[in-house]
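Each chain sits in its own coordinate frame; assemble them with the hints.
Heads up: the sequence lines are chains A and B, in that order. In case it helps, our numbering puts the first sequence at residues 1 to 118. In case it helps, our numbering puts the second sequence at residues 1001 to 1111.
Calculated directly from the structure, the hints in this document are not laboratory data. Don't take every hint at face value.
[Claimed, not checked] Heads up, simulated BS3-like pairs for lysine-lysine below, C-alpha to C-alpha not over 30 Å straight-line:
{"#": "1", "chain 1": "A", "residue 1": "K14", "chain 2": "A", "residue 2": "K41"}
{"#": "2", "chain 1": "B", "residue 1": "K1069", "chain 2": "B", "residue 2": "K1098"}
{"#": "3", "chain 1": "B", "residue 1": "K1110", "chain 2": "A", "residue 2": "K41"}
{"#": "4", "chain 1": "A", "residue 1": "K20", "chain 2": "B", "residue 2": "K1098"}
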Amino acid sequence: GAVVSQHPSWVICKSGTSVKIECRSLDFQATTMFWYRQFPKQSLMLMATSNEGSKATYEQGVEKDKFLINHASLTLSTLTVTSAHPEDSSFYICSASFGQAHVNQPQHFGDGTRLSIL
Amino acid sequence: LAKTTQPISMDSYEGQEVNITCSHNNIATNDYITWYQQFPSQGPRFIIQGYKTKVTNEVASLFIPADRKSSTLSLPRVSLSDTAVYYCLVGDMEYGNKLVFGAGTILRVKS
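Pulled out of the complex, with its shape left as it was, chain B reads as follows (with noise of 0.2 Å):
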């Protein structure tokens, strides 16, 4: 399974976009990538997932460079509602695979 690295924290305010990167530096050829939000007590919620270049949905984009090595997630116009932790998985989830969830990112948005 492909080990990822994302930063521990982030701090934003009201109405910013952001940004998080996230690492993945031995991921396979047949893994996807995957972003999953968690408030507090409460079970991941899925976000977005992509294999290359941009996925875009309701929510948020998610951009792959070609080497796939990295990806950032991107969330327009954060509100104070969207702060919660957020992961980054990668893995092949073809025959239901289990997924490592790294340490993930702390994003704290401001008013």
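Chain A extracted, bound-state conformation (with noise of 0.2 Å):
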């Protein structure tokens, strides 16, 4: 169970394309869902919180406008990389947990989006 599924795992596209990643909770339903950024040989960097039916709550330094997320049901969060440039190439990583109060659900985490920036 809590299985969490991340499309595509991989793109390469040209500077100044928009690019959409997709998260699914496959099982379950996610309340809240999560973006995570890494860079080779470091550790996950959080982006973004995004709570179903509502903005998303972005981390300190996450531009906004650069990093689009919709959450528009309970199985269902994307990220949207605008005019992404090679500073933008890097492995993103989604999670989604039950959210619930008096739950103490771990995340579950897709296996992450490699995108390349030429």
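Following this line, the structure appears as structure tokens:
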């Protein structure tokens, strides 16, 4: 149980292109989803937290107009990297949790998306 | 959010038991301790979670002393496929609160 699917797993595109990454919870309803970014040989860095039906909360230093997050349903969140440039190349990972009161459920992660901007 | 401290790396041999200790001196009353495993180019995988004393599942054990200021992940009889980065996280995941990843421990298992 608790499977999170992330798509695409790998994308290469030209500078200036916008790229959308999908994160789906396949067998549970995720009230909260998280988006992380990871550079080679570094730890995961939290970018934003999204709750279904409301605006995402971005971490300090993350441009909300650059990284658009939509959490339209309890099973789907999307991250759109707008007008991507080479410095946006990274490994993007999503996670999902139940996010309920009195429930201490661990986050479940997708397998990540390798984004390469040429 | 409570900060955690782990060894940067550890080396072991196949068949040995590996213990990775994590310090979290500022853990809060409602915080749980969760361990994740990450292989290159994959998302982290949940290993085990606990609040106090000892928790065991099919892949690992988690030992938490009474003061909860540290915890130890125990991996019995490791194999080459256990080579990965292991992250200790502390937080209250009620209401889907966020987690902050530390540097993690690189475990290298040799034959």
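Hints violated by the structure (listed by number, smallest first): none
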